[in-house]
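A.B. asks: What follows is the residue order along each chain.
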Amino acid sequence: MEEVKLYGFGPSPFSYRVIWALKLKGVKYEYIEENLPMKSPKLLQHNPVHKKVPVLVHGGKPISESLVILEYIEETWPENPLLPKDAHEKAMARFWIRFAEDKYPTLNTFFRTVGQDQQLAIKEALKVLQILEDQALGNNKFFNGNTVGLVDISFGWLAYWFDCIEETAGAKIIKSNNLPRLHEWIKNFKQIPVIQENLPSRDKLLAYLKTKREKILSCIFIPNGH
Amino acid sequence: MAEELKLFRTWSSPYSLRVVHALKIKGLEYETIFEDLSSKSASLLQYNPVNKKVPVLVHNGKAICESLVILEYIDETWKQCPLLPRDPYEKAKARFWAKFGDEKLSSSIWNVLISQGKEQEEAIAAAVQNLKLIEEQLQEKKFFGGEKIGYLDIAFGWTANLISILEEIIDLKLVDEEKLPLLSAWMQNFSDDPVIKQCWPPRDKLVVKFQAMRESNLKTVLSQ
Chain A
1 MEEVKLYGFG
11 PSPFSYRVIW
21 ALKLKGVKYE
31 YIEENLPMKS
41 PKLLQHNPVH
51 KKVPVLVHGG
61 KPISESLVIL
71 EYIEETWPEN
81 PLLPKDAHEK
91 AMARFWIRFA
101 EDKYPTLNTF
111 FRTVGQDQQL
121 AIKEALKVLQ
131 ILEDQALGNN
141 KFFNGNTVGL
151 VDISFGWLAY
161 WFDCIEETAG
171 AKIIKSNNLP
181 RLHEWIKNFK
191 QIPVIQENLP
201 SRDKLLAYLK
211 TKREKILSCI
221 FIPNGH
Chain B
1 MAEELKLFRT
11 WSSPYSLRVV
21 HALKIKGLEY
31 ETIFEDLSSK
41 SASLLQYNPV
51 NKKVPVLVHN
61 GKAICESLVI
71 LEYIDETWKQ
81 CPLLPRDPYE
91 KAKARFWAKF
101 GDEKLSSSIW
111 NVLISQGKEQ
121 EEAIAAAVQN
131 LKLIEEQLQE
141 KKFFGGEKIG
151 YLDIAFGWTA
161 NLISILEEII
171 DLKLVDEEKL
181 PLLSAWMQNF
191 SDDPVIKQCW
201 PPRDKLVVKF
211 QAMRESNLKT
221 VLSQ
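First to last, the sequence lines map onto chains A and B.
The first sequence begins at 1 in the UniProt record's numbering and counts up by one.
The second sequence begins at 1 in the UniProt record's numbering and counts up by one.
Hints are not guaranteed to be accurate.
Cβ-Cβ distance ranges computed for the label pairs, FRET-style [unchecked claim]: (1) 171/A - 46/B: 33 to 41 Å; (2) 111/B - 85/A: 39 to 47 Å; (3) 46/B - 75/A: 28 to 36 Å; (4) 24/B - 75/A: 42 to 50 Å.
Think of the hints as simulated: they come from the structure by calculation, not from any bench.
No experiment lies behind these values; they were computed from the predicted model shown.
No residue lacks a Cβ here, since even glycine has one placed at the ideal position from N, Cα and C.
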């Protein structure tokens with residue numbers, strides 16, 4: 001059995017995507033916590049292009065970019081499949097995984113802004129979430145259908161990190177009355193044992209986000225009169 | 001039931017061209033619908049309601065969107081002339097570099113197009129750095145896929161066409177034969193392939209289009 005190592009960072013939702021996939025497939029791995037923003041020599045050696053976490057190293061071979069890692073895990077450990085078998089359904093899943101990637105900045109802009117800019121960012125985030133509610137989730141319990149899959153894992157940060165981000169930024173975006181299906185999905189996703197048992201400490205995450213937002217806001221010029 | 005394949009594309013979209021390349025390499029018959037993006041057809045909006053973009057491949061009435069997702073779908077559905085490597089690690093590397101091409105490389109090339117003077121010099125340095133990283137992936141192979149064109153060649157295909165157009169517009173060399181010999185050779189080999197050759201959009205139209213993009217972006221910067 002070739003050894004599996006995961007280089008990650010506690011508050012990073014991207015690292016957790018990989019943790020969840022490995023745990024759902026029962027893959028044993030060694031976890032190495034990176035002390036960001038300082039990057040270890042091993043991390044820089046394994047991901048010289050982006051110098052980021054997560055990085056999965058399997059039998060000495062490194063794979064970077066969380067969504068590339070997820071596909072690698074799915075192909076290497078086929079037990080408990082996380083992608084549909086049907087080619088068209090698989091393509092739809094990959095479409096939504098890409099959507100998760102592409103819209104991540106839009107869904108986070110409200111965290112980096114204040115005042116009018118934040119209001120605008122919230123509006124834009126709501127548009128994206130409405131698409132998930134209406135077109136991605138439909139009437140299914142999970143994005144993957146009756147069981148979780150890679151699409152759920154890709155959006156998994158919405159089920160836990162998002163509410164901490166909302167709290168830190170002073171905004172409430174996902175509510176039970178405006179996005180009922182998404183709200184329900186969040187509940188169901190968090191109840192899955194593998195997910196429940198593999199989440200960062202809420203207090204630590206809030207503390208990390210508070211410091212991060214303070215740093216970001218200290219760089220925003222607020223003109224006189226606002 | 002006979003297979004029904006339709007491709008919604010524009011005449012110039014490099015992402016659409018990827019799908020054309022894959023379909024032709026696999027020897028598949030398909031119908032082309034050219035879209036005018038300033039006036040999108042009801043069919044396009046029906047098949048791609050989320051992003052409303054091209055390319056869209058419709059196979060027996062079912063739509064697949066996003067060019068790299070379409071490439072994987074084509075490769076999984078029609079097994080002749082495989083595009084992706086079989087080995088999961090090699091596949092992961094191909095996906096990683098395709099993403100790099102679409103994100104870091106493409107935005108650095110765009111920055112060269114829309115800048116001038118010192119800013120452009122810096123943009124060129126950044127773009128060449130990214131192109132060097134791509135070149136390293138070729139090693140001594142003829143194509144990224146090995147002996148034959150594969151997924152990553154198709155993903156990078158836009159560079160073999162659009163970089164020389166950019167060079168013509170800005171009157172500067174980006175892919176220097178001496179500094180990037182392997183990449184230079186790949187661009188030639190890719191462009192010379194009989195399947196690829198017949199698909200390039202008209203060059204003079206592309207020059208006009210990108211020249212206009214450069215001018216409108218430079219004007220916007222100056223007016224800020």
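A.B. asks: All hints, please: hold or fail.
C.D. replies: Now for the hints, and whether the structure bears them out:
1. The hint said 33 to 41 Å for the Cβ distance between residue 171/A and residue 46/B, and at roughly 34 Å that hint holds.
2. Checking the proposed 39 to 47 Å range against residue 111/B and residue 85/A shows it holds: the Cβ atoms sit about 42 Å from each other.
3. The given range of 28 to 36 Å is respected by residue 46/B and residue 75/A, whose C-beta atoms sit roughly 33 Å from each other.
4. In this structure the supplied range 42 to 50 Å is violated for residue 24/B paired with residue 75/A, their Cβ-Cβ distance being about 27 Å.
Hint 4 alone, counting from the list given before, is not met by this structure.
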